[in-house]
Amino acid sequence: MTHDDKRFSTRMGIQKADSRDVASIKLPCAGSHDFNVFGDSDVTRRLVETNLRDAWFFFSDHMKDLQSRNWKMNQFDFQAVMKKGAERIKVLQFDLWVLGQLDGEASRKEQEAKELSDLMQNRLHRLQNPENCATAKKLLCNLNRNCGFGCEIHHVIYCFMAAYGTHRTLILKSDGWRYTSEDWRAVFLPLSNTCTTVSDKDVVKWPGNNNTQTVEFPMPEEPQPKPQHMPLAIPRDISERLIHLHGNPGAWWLGQFLKYMFRLQPYMQKLIKESEKSFHYRHPIVGNEDSNINVSCF
Numbered sequence: 001m002t003h004d005d006k007r008f009s010t011r012m013g014i015q016k017a018d019s020r021d022v023a024s025i026k027l028p029c030a031g032s033h034d035f036n037v038f039g040d041s042d043v044t045r046r047l048v049e050t051n052l053r054d055a056w057f058f059f060s061d062h063m064k065d066l067q068s069r070n071w072k073m074n075q076f077d078f079q080a081v082m083k084k085g086a087e088r089i090k091v092l093q094f095d096l097w098v099l100g101q102l103d104g105e106a107s108r109k110e111q112e113a114k115e116l117s118d119l120m121q122n123r124l125h126r127l128q129n130p131e132n133c134a135t136a137k138k139l140l141c142n143l144n145r146n147c148g149f150g151c152e153i154h155h156v157i158y159c160f161m162a163a164y165g166t167h168r169t170l171i172l173k174s175d176g177w178r179y180t181s182e183d184w185r186a187v188f189l190p191l192s193n194t195c196t197t198v199s200d201k202d203v204v205k206w207p208g209n210n211n212t213q214t215v216e217f218p219m220p221e222e223p224q225p226k227p228q229h230m231p232l233a234i235p236r237d238i239s240e241r242l243i244h245l246h247g248n249p250g251a252w253w254l255g256q257f258l259k260y261m262f263r264l265q266p267y268m269q270k271l272i273k274e275s276e277k278s279f280h281y282r283h284p285i286v287g288n289e290d291s292n293i294n295v296s297c298f
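Read in order, the letters of the sequence shown correspond to residues 1 to 298 in the numbering used here.
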C-alpha cells in the first residue's frame, strides 16, 4: 500500500476516532465504517481541497501510465482504477456533506426544498382540478405508446410539462394500458379529481391556439413546434431559488411532475410496505439501472 493509499484509508474511516467530543455517523452508501463529524468547518474545507487535489493526482498518474502503455490496459486493471477513483469521489462527497451539517446549510436547504416542493405540488393540484371543467382548457395525452414503462412515463412527463407551460389541465387517456387490466387509476391516484374526460369533437392537434378547448399532444419525437416547457427547462419565477437549492435544477423540476404522478392508490402503498418487510430491506439501498429489465403487468 502506498503512502497515498494509507492516508486515504485513514480518511475512509479505518482508523477509529480518538476524541469523544465528536459525533459518530455512517457514510451514506459507503458501508458501515465510522466517521467523525469535524467540529471545525475550516478543517473539513481544507480536507476537501486536499482530497480533490489527491483525486486529480490519482487520475493524472494513471492516465500517464496508460499513455506509456500506448493506451493498452486489461479489464482487471481498468476496473481497479475505476474502483479506487470512485472511492476518492465518495470521500469528497462525504466531506461536502459534513460541511453542510456544520454550517447549518443542510437544514436550511431541506426546509427550502420542502417549501418549493409544496408550492409546486399545490400549483399542479390547482391546474389539474379547475373550478369548471367544462370551460377549462385541456391537453389530451395518450398513454399507450406500445413501448416500455419508462418510455411511456417519459411521454406523460412531456405531456404534463407542456400542459403546465400552456396552462391546460392534463387529461390522461389510459384505457387498455398494457401494465394493468384497467387504466392508470388501477395503480396510481387519478391526475385529477374533477376533470378526467374530454369531448372528441373539441380535440385539435398540437399546438392549437389560445381559443382551442382541447389540444392533443403528439408523441415526444413529433411535436412541431417544439414546446418551450420541455426537459430540462425550469420555470422562470422559481429559477433563482431553484438554482441556489439544487445542483441539477432541471432534474428537480422534472421530479415534481413524477411526485404528483406517482401518488399510489392505498392498496398499492400497503402492498409495497408489506413487500419491504418481507424482503428485509436494510440501508444503504442502491438502485441498479438495467435497460434489459422491464416491469411486469399487475
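Simulated from the structure, these hints should not be mistaken for laboratory data. Please note: incorrect hints may appear among the correct ones.
As the list claims (entries may be wrong) - No more than 25 angstroms apart at the CA atoms, straight line, and that leaves these computed lysine-lysine pairs for DSS-like:
{"id": "1", "residue 1": "137", "residue 2": "83"}
{"id": "2", "residue 1": "109", "residue 2": "90"}
{"id": "3", "residue 1": "137", "residue 2": "114"}
{"id": "4", "residue 1": "90", "residue 2": "137"}
{"id": "5", "residue 1": "173", "residue 2": "205"}
{"id": "6", "residue 1": "173", "residue 2": "90"}
{"id": "7", "residue 1": "114", "residue 2": "259"}
{"id": "8", "residue 1": "109", "residue 2": "83"}
{"id": "9", "residue 1": "201", "residue 2": "173"}
{"id": "10", "residue 1": "226", "residue 2": "109"}
{"id": "11", "residue 1": "205", "residue 2": "226"}
{"id": "12", "residue 1": "259", "residue 2": "137"}
{"id": "13", "residue 1": "137", "residue 2": "201"}
{"id": "14", "residue 1": "259", "residue 2": "270"}
{"id": "15", "residue 1": "114", "residue 2": "273"}
{"id": "16", "residue 1": "109", "residue 2": "173"}
{"id": "17", "residue 1": "137", "residue 2": "270"}
Now the hints, each set against the structure:
Between residue 137 and residue 83 the alpha-carbon distance is near 53 angstroms, which puts this suggested pair outside the 25 angstroms criterion. Simply put, residue 109 and residue 90 have alpha-carbon atoms about 21 angstroms apart, close enough for the 25 angstroms limit, and the pair holds. Restraint check for residue 137 and residue 114: not satisfied, since their Cα atoms lie roughly 29 angstroms apart, outside the 25 angstroms limit. This hinted pair does not check out: residue 90 and residue 137 have alpha carbons roughly 48 angstroms apart, beyond 25 angstroms.
For the suggested pair residue 173 and residue 205, the alpha carbons sit about 15 angstroms apart, so the restraint of at most 25 angstroms is met. At roughly 44 angstroms between alpha-carbon atoms, residue 173 and residue 90 are farther apart than 25 angstroms, so this suggested pair is violated. With a C-alpha separation of about 13 angstroms, the suggested pair residue 114 and residue 259 falls inside the 25 angstroms cut-off, and the hint holds. For a cut-off of 25 angstroms, the pair hint linking residue 109 to residue 83 is broken: about 31 angstroms separates their Cα positions.
With a C-alpha separation of about 16 angstroms, the suggested pairing of residue 201 with residue 173 holds against the 25 angstroms cut-off. Simply put, residue 226 and residue 109 have alpha-carbon atoms about 34 angstroms apart, too far for the 25 angstroms limit, and the pair is violated. Only pairs whose Cα atoms come within 25 angstroms are accepted, and residue 205 paired with residue 226 is accepted, the gap being roughly 13 angstroms. In summary, the hint linking residue 259 to residue 137 is supported, as the alpha carbons are separated by about 23 angstroms, within the 25 angstroms threshold.
Between residue 137 and residue 201, the direct Cα distance comes to roughly 14 angstroms. Compliance with the 25 angstroms bound is thereby established for this hinted pair. Between the alpha carbons of residue 259 and residue 270 the distance comes to roughly 18 angstroms, so the proposed pair stays at or under 25 angstroms and holds. About 24 angstroms separates the Cα atoms of residue 114 and residue 273, which keeps this hinted pair within 25 angstroms; it holds. Straight-line distance between C-alpha atoms of residue 109 and residue 173 comes to about 37 angstroms, which puts the hinted pair past the 25 angstroms bound.
Our distance criterion of 25 angstroms between C-alpha atoms is broken by residue 137 and residue 270, whose separation comes to about 36 angstroms.
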